[in-house]
Amino acid sequence: MNIKNKDLDIKVEYVTRVEGHGNIVVNVKNGNIEKCEFHVVETPRLFEGMLRGRSIFEAQHITSRICGICSCGHSLASIQAAEDALGFKPSEQTTKLRKLLLDYEFLDSHILHIYLLAAPDALGVPSFVPLIKTNASLVKKVLRAKKCFNDVCDILVGRHIHPISAIVGGFTKLPRPKDLDNMIDILEGLREDINDLISVASKLKFPEFYRETEYVALVNDTDEYPLLEGDIGSSDGKRFNKKDYKLATNEFIDPRSSAKFTKLSRESYMVGALSRFNLNHKKLHSKAKKVAKDLKLEAPCYNPFMNTIAQAVELVHCYEHALELLKDFKKNGIDYSEEIVVGINEKGAIPTRAGNGVGAVEVPRGILFHNYEIDDKGIIQHANCIIPTNQNINNIEYDFMKFLPEIINEPKESIKLKLEMLVRAYDPCISCSTHYLNVEFVE
Amino acid sequence: MPKNKIKEKPKVAFFDFACCEGCQLQISNLGETLLDLLGVVDVVEFREVMSEKWDKDYDVVFIEGSIGDHHAEERLKKIRSRAKILVAYGSCATLGGVNGMKNSFDIEEIRRYVYGDKANYFDVKPTKAVDQVVKVDYYIHGCPVYLPEVVEVIKCILRGVPYSVPDKPVCAECKLNENICLYDKGVVCLGPWTRAGCNSWCPNNGNICYGCRGLVSNPAKNQANDIIKRYNVNEKIKELGKDLMNKKFEMYNKAKEVLDEHKK
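Heads up: the sequence lines are chains A and B, in that order. For what it's worth, my numbering labels the leading residue of the first sequence as 1, then goes sequentially. For what it's worth, my numbering labels the leading residue of the second sequence as 1001, then goes sequentially.
Worth flagging that the hints you see were computed from the coordinates, not collected in a lab. No experiment lies behind these values; they were computed from the predicted model shown. One or more of the hints may lead you astray.
[To be verified] Here are the simulated lysine-lysine pairs, DSS-like style, with alpha carbons at most 25 Å apart:
#1 B:K1185 x A:K173
#2 B:K1238 x A:K377
#3 A:K11 x B:K1056
[What the hints assert, rightly or not] Pair by pair, the computed Cβ-Cβ distance ranges are:
#4 A:K287 x B:L1035: 50 to 60 Å
#5 B:E1032 x A:K246: 44 to 54 Å
#6 A:D294 x B:W1054: 37 to 47 Å
Glycine residues also receive a C-beta, built at the ideal position from the N, C-alpha and C atoms.
Make a model of the complete structure from these sequences and hints.
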């Protein structure tokens, strides 16, 4: 490929169809790539700073507001970190309900990303809006599924965006038998639509681009596909207890972005659906394994664009797993004596103590860490949150550096679109990483 | 209130500032109703879900998020100058919301806490609500916004009539929902001081009201005193520490202490 005399200047301000604000800047002079970066330009929100001096029992409420798309994931990581710091062990029923909530989170988030945010690229349109005319039944199915996943969340925790009843200690309201029936009916009613949507996913075309990187996700020694709990594992053979998350993330700051960067064994690593698939595909539900085969996704997969397909596989896994949990609750019943009133713990239901706790939870975009240090009254002294998108930014830039020379002879608009697509494939969540996305070309 | 009644198929845009974007996301939870909505308005810009851009004036803009740096203020003023009707959408926009909590800290100190010696890379100013920078025509409170209210406000905008945010406490709705009072369960709830309009969403699910819709303009002082007496709230506050009680109120309402710039 002759790129010797190529000059290129791209600046995409505010990459669209991602959560938050980010820019892409590309600058090629005489065939030399001088700049190929992804900048986070969101206003810093300083959540970690704001938590100091607040009660540990308020942490879930506040940190769920880091992100509207994955607020259930933030809640679960926050609760896990708080309970770890307090030395509180949740009941088996509570843990199961949290796993159900996490399944709902994956369903809601993946359906949005695969079909409303990523698919328009593969179908050659700027958003789902033109699809209302050309693919009306697809859009209707997606919106219906999105609403249904939102509805089951409403039933379980009050609402999907900033869940209400899932707090430190357990749940302030537990689903009644008729709620369980409702949730099962809503999910079962979607079965056919989900099959149709998966066959749509099989038609999505993605660029052929491969770069092997380090894949990081939760791992465990059981048969369960680990989402809510586990150790931190990597495809380069590293394994850490969640308490040692800092050894896995090695955060550093760069002036380009208001988000922090991370790395582990190599220059960068990837988190998210593709990493989970690469590490844990053997533990997926049998139906999800079949879908992976149908969608031609095989581990290890080194094409980051396939992250969207890995999400489709997880969609099926979480759908089946959620139904299994619900049917199990229906069969064995729910113990309503576990319903709690904790509030900000005026009742002293959970004794406070000084401590340091870590939450490590897989959320739709990858592994999420919350870490709180509290004093003996349960007041937060220090807080630290490491967000999946932050962990991916560095990897996106290394992808750029390999991908750009491969497509540099294409028209500028096509290069621009492909770089944006690559960013979107990671399903970045920039509110989380403070917020992100925008492509700059410099000619 | 809006001067110009808007024509058929208004051009509508969504813009986000510092926030979690959850309120925008609520729109996608309308399900197929979203298609009905798209039948009566033209959504011309919505970065979170669309790549389309618009370079003319807007009939209605929804502003999500609070204003936390110089760049954001300039951007907001530009949007205002191109918009006939501006809606502050969600608590971050209407009140400053949770982002306002940072105003309780020394800005330099909190920036340094998060970004260390690289703090200077980032421009951070105290959080402001949208109406502390530009004029707002409609308010939709809530963290997140309550969809039935969103639909109600959109109807008002389309008909060219004002929308009045309910100015009674959350308790009024909570009673109608026949919830057991949180005070009876032994915890302090902000319902008696907080604007209704959310159908007492949190108490319905067993949690307390956190005050996300802002405070009522004229709290029923006697009744509030009654509650304080009857439930020994002062004792509880003593146990919690006065600081923690103030912090409860500040979780959503701190930013409103910033000077109202556009009124100067």
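Quick rundown of the hints versus the structure:
no.: 1; hint: B:K1185 x A:K173; verdict: 14 Å, holds
no.: 2; hint: B:K1238 x A:K377; verdict: 14 Å, holds
no.: 3; hint: A:K11 x B:K1056; verdict: 22 Å, holds
no.: 4; hint: A:K287 x B:L1035: 50 to 60 Å; verdict: 30 Å, violated
no.: 5; hint: B:E1032 x A:K246: 44 to 54 Å; verdict: 46 Å, holds
no.: 6; hint: A:D294 x B:W1054: 37 to 47 Å; verdict: 40 Å, holds
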